[in-house]
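Which chain is which? The protein sequence lines are A, B and C, in order.
The first sequence begins at 1 in our numbering and counts up by one.
The second sequence begins at 303 in our numbering and counts up by one.
The third sequence begins at 490 in our numbering and counts up by one.
Worth double-checking, as some hints may not be accurate.
[Said to hold, decoys possible] List time: in silico EDC-like cross-link candidates among lysine to aspartate or glutamate, alpha-carbon distance up to 16 Å:
(1) A/267 with C/577
(2) C/722 with C/909
(3) C/723 with A/301
(4) C/722 with A/269
(5) C/892 with C/878
(6) A/294 with B/318
[Claimed, not checked] Examples of chain C residues toward chain B, derived with CB under 7 Å:
(7) 575
(8) 577
(9) 578
(10) 581
(11) 619
(12) 690
Worth flagging that the hints you see were computed from the coordinates, not collected in a lab.
Being a predicted model, the structure only gives us computed values, none of them experimental.
Cβ atoms here follow ideal geometry from the backbone N, Cα and C, with glycine treated the same way.
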Amino acid sequence: MKAFKACLAGLALLGLSPAAMAAGGTMPLSEGDAPLPDWPFEGVFGKFDQASVQRGFQVYTEVCAACHSMELLSYRNLGEPGGPFYNADDPEATEAAVAEFARQYEITEIDDYGDEVARPRRPADRFPSPYPNVQAAAAANGGAIPPDFSVIVKARPGGADYIYRLMTGYPSYEEFQGEYGDELHFNDDHSHGVLTQPAGLYYNPYFPGDTSGNWDGDPRHAPAGGYLAMPPQLSDGRVDYMDGTEATQEQIAYDISQFLAWASEPKMENRKSLGLVVMIYLFFLAILVYFSYKAIWRNVEH
Amino acid sequence: MTDETYTETVDEDRRDFIHIAAGAAVAGGAGALAWPFIAQMLPALDTRAASSLEVPITDIPEGGEIRVLIGGKPFFIRHRTAAEIAAAESVEAGDLPDPQTDEERLVARADGTLNPAILVVSGSCTHLGCVPVGPGSNTGEFGGWYCPCHGSHYDTSGRIRKGPAPTNLPVPTYEYNADGSAVTISL
Amino acid sequence: MSGHESTYKPGTGIEKWIDARLPIVRLVHDSFVGFPVAKNLNYWWTFGAILAVCLVTQIITGIVLAMHYVPHVDMAFASVERIMRDVEYGWLIRYIHANGASMFFLAVYIHMFRGLYYGSYKAPREISWILGVIIYLLMMGTAFMGYVLPWGQMSLHGASVITNLIGAIPLVGEQIKIWLQGAPSIGNATLNRFFSLHYLLPFMIAGVVILHIWAFHTTGNNNPTGVDVKDEKKDTVPFHPYYTVKDGFAIIVFLMIFAGFVFYAPNVLGHADNYIEGNPLKTPAHIVPEWYLLPFYAILRAITFDIGPIPAKLGGVIAMFGAIAVLFVLPWLDTSKVRSLRYRPLARQFFLGFVAVCLLLGVAGASNPDDIVIKTGEDTLRYEVSLEEAPEALAVAEAHHGKIVSSNSERVIVDFAHYEDAVEFAEASGTTAEATVKHHGLTWLPVAQLLTFLYFAYFLIIIPLLGLIERPKDEPESIADSIHKSNGSADAVAAE
Numbered sequence: 001m002k003a004f005k006a007c008l009a010g011l012a013l014l015g016l017s018p019a020a021m022a023a024g025g026t027m028p029l030s031e032g033d034a035p036l037p038d039w040p041f042e043g044v045f046g047k048f049d050q051a052s053v054q055r056g057f058q059v060y061t062e063v064c065a066a067c068h069s070m071e072l073l074s075y076r077n078l079g080e081p082g083g084p085f086y087n088a089d090d091p092e093a094t095e096a097a098v099a100e101f102a103r104q105y106e107i108t109e110i111d112d113y114g115d116e117v118a119r120p121r122r123p124a125d126r127f128p129s130p131y132p133n134v135q136a137a138a139a140a141n142g143g144a145i146p147p148d149f150s151v152i153v154k155a156r157p158g159g160a161d162y163i164y165r166l167m168t169g170y171p172s173y174e175e176f177q178g179e180y181g182d183e184l185h186f187n188d189d190h191s192h193g194v195l196t197q198p199a200g201l202y203y204n205p206y207f208p209g210d211t212s213g214n215w216d217g218d219p220r221h222a223p224a225g226g227y228l229a230m231p232p233q234l235s236d237g238r239v240d241y242m243d244g245t246e247a248t249q250e251q252i253a254y255d256i257s258q259f260l261a262w263a264s265e266p267k268m269e270n271r272k273s274l275g276l277v278v279m280i281y282l283f284f285l286a287i288l289v290y291f292s293y294k295a296i297w298r299n300v301e302h
Numbered sequence: 303m304t305d306e307t308y309t310e311t312v313d314e315d316r317r318d319f320i321h322i323a324a325g326a327a328v329a330g331g332a333g334a335l336a337w338p339f340i341a342q343m344l345p346a347l348d349t350r351a352a353s354s355l356e357v358p359i360t361d362i363p364e365g366g367e368i369r370v371l372i373g374g375k376p377f378f379i380r381h382r383t384a385a386e387i388a389a390a391e392s393v394e395a396g397d398l399p400d401p402q403t404d405e406e407r408l409v410a411r412a413d414g415t416l417n418p419a420i421l422v423v424s425g426s427c428t429h430l431g432c433v434p435v436g437p438g439s440n441t442g443e444f445g446g447w448y449c450p451c452h453g454s455h456y457d458t459s460g461r462i463r464k465g466p467a468p469t470n471l472p473v474p475t476y477e478y479n480a481d482g483s484a485v486t487i488s489l
Numbered sequence: 490m491s492g493h494e495s496t497y498k499p500g501t502g503i504e505k506w507i508d509a510r511l512p513i514v515r516l517v518h519d520s521f522v523g524f525p526v527a528k529n530l531n532y533w534w535t536f537g538a539i540l541a542v543c544l545v546t547q548i549i550t551g552i553v554l555a556m557h558y559v560p561h562v563d564m565a566f567a568s569v570e571r572i573m574r575d576v577e578y579g580w581l582i583r584y585i586h587a588n589g590a591s592m593f594f595l596a597v598y599i600h601m602f603r604g605l606y607y608g609s610y611k612a613p614r615e616i617s618w619i620l621g622v623i624i625y626l627l628m629m630g631t632a633f634m635g636y637v638l639p640w641g642q643m644s645l646h647g648a649s650v651i652t653n654l655i656g657a658i659p660l661v662g663e664q665i666k667i668w669l670q671g672a673p674s675i676g677n678a679t680l681n682r683f684f685s686l687h688y689l690l691p692f693m694i695a696g697v698v699i700l701h702i703w704a705f706h707t708t709g710n711n712n713p714t715g716v717d718v719k720d721e722k723k724d725t726v727p728f729h730p731y732y733t734v735k736d737g738f739a740i741i742v743f744l745m746i747f748a749g750f751v752f753y754a755p756n757v758l759g760h761a762d763n764y765i766e767g768n769p770l771k772t773p774a775h776i777v778p779e780w781y782l783l784p785f786y787a788i789l790r791a792i793t794f795d796i797g798p799i800p801a802k803l804g805g806v807i808a809m810f811g812a813i814a815v816l817f818v819l820p821w822l823d824t825s826k827v828r829s830l831r832y833r834p835l836a837r838q839f840f841l842g843f844v845a846v847c848l849l850l851g852v853a854g855a856s857n858p859d860d861i862v863i864k865t866g867e868d869t870l871r872y873e874v875s876l877e878e879a880p881e882a883l884a885v886a887e888a889h890h891g892k893i894v895s896s897n898s899e900r901v902i903v904d905f906a907h908y909e910d911a912v913e914f915a916e917a918s919g920t921t922a923e924a925t926v927k928h929h930g931l932t933w934l935p936v937a938q939l940l941t942f943l944y945f946a947y948f949l950i951i952i953p954l955l956g957l958i959e960r961p962k963d964e965p966e967s968i969a970d971s972i973h974k975s976n977g978s979a980d981a982v983a984a985e
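The task is simple: from the sequences and hints, build the whole structure.
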């Protein structure tokens, strides 16, 4: 009987493990890599670091937005609790800042005469897309459509860790003789040989894929990772932070990952704080009902 | 029967504080749980965000109007002619079914002055919510708007003059921008 | 809904008035208040009530989500995200619904294994069991169609894979597939009908649940001893308050686990690819169903060989449906007179093995069939060389420490442990063949095939045989007797 109980109790955990494995996806983040940031939004009490979300939004606007849309976001989202423009003390200033920001971008509308007219965007409008349609996006990027960033952190196994790894994971000049876009000479514990990057593609050890086709060396030790159409984007000083933070590559990657994590799950803080209340309630309710149960059954032999 | 055997213990238990506490906690939790399911039927954030609109007024021809939808509700922005303004102002408010002067139905510009040329009113007949017809069509007996559903006549200030509608066409909350070239209408 | 004498006594005039016309209060009272239940039910029996909570939760949250969801291929994905972002508490309701499906299946699996362990499917409860299997089938259909609605990559391509299975049916399969999809492929027509059916099926489940309860209230609940109620006074207690409070406590504990997922890990049970909008031109690298369907997915993929006239693809489909169909006939496959495995030590061992087989099938379903389970050696570099091209290949290979895997008059297959040897071999032999990496070990495919065999063997061989050869322990005289004995022995243990 004991074994039976243990077995069925384990069902809950074991039954879930295949799903966890399936969700693990293609590119596990190996332990030997540079340390990952401690995300403030992880854990039961996790919250976004608003200053970092703000900087990340600056990075998105100045770097990513040239190619990546965020179709599901509206300007008004920027001023919602947790958002980059949110100011808890002054809702009116928040609103004004959002409206001011939105005004920089134009949107085309059809007027009463059937003509296209441009007007400044309002807080209720969506973020503009860098390309008029997917065909244009594909044509401008060698056939690869830059993914939309609205829910990107939820759409990638590893989430923010993956974004951070990808952004900081491109091979650097110092590491390899040879140039970007050309040959990468590997000579480490795992791989010895030359990896030739296909034209217009860039090797990244964290991008899911298979490098063996362009690998001159032991195929069993082809470098991990794959190629993507996006060249390395982040370098020290790539943006000039408005709040004066030093823009190292790691800092920028940290901030953009945090911003994208917020954008993917803007209600995360509500969720966790409500969750705490619910868990405490259920805990005490369980105790109450347990004693009620004991009291009702106390005279029954069972 | 089983009942007889256990009636005594059950009754004793019912008086027990622990059962009352547990029952109350369950009821309280269920009540709190109901709130998200009620709140979800409120207008969503995007719907609420789309409930104000800035409308440029400089392009409206004299004697004409533009119609806009804000949150799905129609609004009329009318550029009145001098004759229409005069007609609206000449009426004795006290004689009307819903007494209101023309001035009371206007909103001041940023500098504090009124702009009688521009009239902003709701586009739903106060009778049963049909959309009245206006300039360029049958404007009714008083030159303003006419509701074809049940024959309500509105004057050039949007006040009800004849027909079943009980009140004037409401004036929405709106404000002029700094240079007076546009109005922002909010629900 | 109860097979026992009614204990309802209308107190007031209005109660009497209603009772004479529509005895609905009496029905509810006799089913859920006065209904006599064996007093030895353990916590495994609380999953019935937990499942009722799951069904109600899914229906209520589902109705609410349908108020905001747009069933159109261009808008479905965005409308789901709008629920997450803009609808008041939409994130909460959607996460309850999405995780609720997993919780529902978790509970139903425990409920089913409980039925298997305690012999709840045996006479006279066969119809309760069969109705339960029907509920389970309806749940799978509902869950599958619900997973399509967000129109993510897994939604689209998962639906595509499953409807293509139907195409394996000979002669009419292709036509049925197109009829199901409403188009040559999964598209807007499919999404619309799946939405409609996803809304309908839960109410059918609710209907069958009523029949399920009716059936086992007619026969009376089973209990951990499997012994019938002999004396209602000694063996049973009324459902309320004894089991309402016990079920209530179990429900609260279950809700804590449920809430843990909803609030702290809402996407752990899902797949990241489903947050990418469906794109018919691009298939995700690994299509896997939700965790609760993985064992059947493993069985489906395990049949890679033709069985007589049945092609492999159809064989997989038959095996997958057969895995559920076998549950329908289980009451007649079991030859044992004893219900509860408490008194069948040998059968209990096999049961535990069967639970392990089911769990492992789940792992197999999540894994790539070609992946290695147990590694038997280091990866080698394999060349398949044509002797026409490189006539000396055999000798050259041996000279370079190559291990000849096979050779005939036309070609030779050779493995190298060292890359340097392989390179030298390629140069010396003059072959243009490319080396491939050969993994050595047991892959998931044969493991899944073995597990599939064991799954069916449990029902078709072990259960019928065990009843004939096993000598069960003595069953207790009655439920009260068993309680008395076990409490007595517990006291004895405590005294020591």
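A quick look at each hint next to the structure:
Restraint check: the Cα-Cα separation between residue 267 of chain A and residue 577 of chain C comes to about 11 Å, which is no more than 16 Å; the hinted pair holds. A threshold of 16 Å between alpha carbons decides the hint, and for residue 722 of chain C with residue 909 of chain C the separation of about 84 Å lies outside it, so the pair is violated. Only pairs whose Cα atoms come within 16 Å are accepted, and residue 723 of chain C paired with residue 301 of chain A is accepted, the gap being roughly 10 Å. Distance restraint check for residue 722 of chain C and residue 269 of chain A: the Cα-Cα separation of roughly 54 Å exceeds the 16 Å cut-off, and the hinted pair is therefore not satisfied.
At most 16 Å may separate the alpha-carbon atoms for a hinted pair to count; residue 892 of chain C and residue 878 of chain C exceed this at roughly 19 Å. In summary, the hint linking residue 294 of chain A to residue 318 of chain B is supported, as the alpha carbons are separated by about 12 Å, within the 16 Å threshold. The restraint placing residue 575 of chain C at the interface with chain B holds, with a minimum CB-CB distance near 4 Å, inside the 7 Å limit. Hint status for residue 577 of chain C relative to chain B: holds, with the closest Cβ pair at about 4 Å, below 7 Å.
Annotation: interface hint on residue 578 of chain C holds; nearest CB of chain B at approximately 4 Å, less than 7 Å. Satisfaction of the interface hint for residue 581 of chain C is found here, the shortest Cβ-Cβ separation to chain B being roughly 5 Å, below the 7 Å cut-off. The beta carbon of residue 619 of chain C comes no nearer than 30 Å to any beta carbon in chain B, farther than 7 Å, and the hint placing it at the interface is violated. A cut of 7 Å between beta carbons decides the hint on residue 690 of chain C: the least distance to chain B is about 22 Å, and the hint is violated.
Against the hints set out earlier in the document, violations occur for numbers 2, 4, 5, 11 and 12.
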